[in-house]
Amino acid sequence: DTGVSQNPRHKITKRGQNVTFRCDPISEHNRLYWYRQTLGQGPEFLTYFQNEAQLEKSRLLSDRFSAERPKGSFSTLEIQRTEQGDSAMYLCASSPGQGEFFFGPGTRLTVL
Amino acid sequence: GENVEQHPSTLSVQEGDSAVIKCTYSDSASNYFPWYKQELGKRPQLIIDIRSNVGEKKDQRIAVTLNKTAKHFSLHITETQPEDSAVYFCAASGGTYKYIFGTGTRLKVLA
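Residue numbers (my numbering), protein chains in the order written: chain A, 1 to 112; chain B, 113 to 223.
Heads up, a few of these hints could be off.
[To be verified] Subject to a maximum C-alpha distance of 16 Å in a straight line, what follows is the list of computed EDC-like cross-link-like pairs (lysine to aspartate or glutamate):
hint, chain 1, residue 1, chain 2, residue 2
1, B, 220, B, 127
2, B, 210, A, 78
3, B, 210, A, 44
Please keep in mind that the hints were generated in silico from the structure rather than gathered at the bench.
Bound-form chain A, shown alone:
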């Protein structure tokens, strides 16, 4: 499968715990994005990278969220001290630049 992949696909955690998600983009894509989607809503922008540089981070993203793309390939999204409001689908996407934008299957987070 040469598409965007994400792991894990599902994560259930207790409030206050830290979680980390991984995204592997399409190999030749230099742009990588993280979005959050709650039921009935459109994908909400969190942050994006061009190669290893994090170019923008949403103002909605609290300091409990951090993302990295250390070698310009895969990326990780960490949420510290999870809250019930963090429960959502976390979508990763990649793009070769200005153009088509491909989503991964997402990681569904449930915070109990």
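Put chain B on the given structure of chain A with help from the hints.
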């Protein structure tokens, strides 16, 4: 800030009829406008896109129109079929390469 508004939020049509979904964007630098279809429990999938140098694009039963002056673009689905039932999202992207999505339209095609 950047914003994309999408209407209607829900749309029901009879099989064979046409469906139209409209979006308005705020960032005048936006120059790429994709549309995504999301089925229940699945990732959004790109179905058609249009760039700012084009006013209309068609792919079989799906077409997209763009009015840059008014900052709005629309998705048109003709001869709707039950398998067209899904949530549709518009998006806009500009010089920052950030994609801003609309809130979605739940389309139901009634057999």
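Outcome of the hint check:
{"no.": "1", "hint": "B:220 / B:127", "verdict": "9 Å, holds"}
{"no.": "2", "hint": "B:210 / A:78", "verdict": "21 Å, violated"}
{"no.": "3", "hint": "B:210 / A:44", "verdict": "11 Å, holds"}
Checked against the numbered hints above, the structure violates only hint 2.
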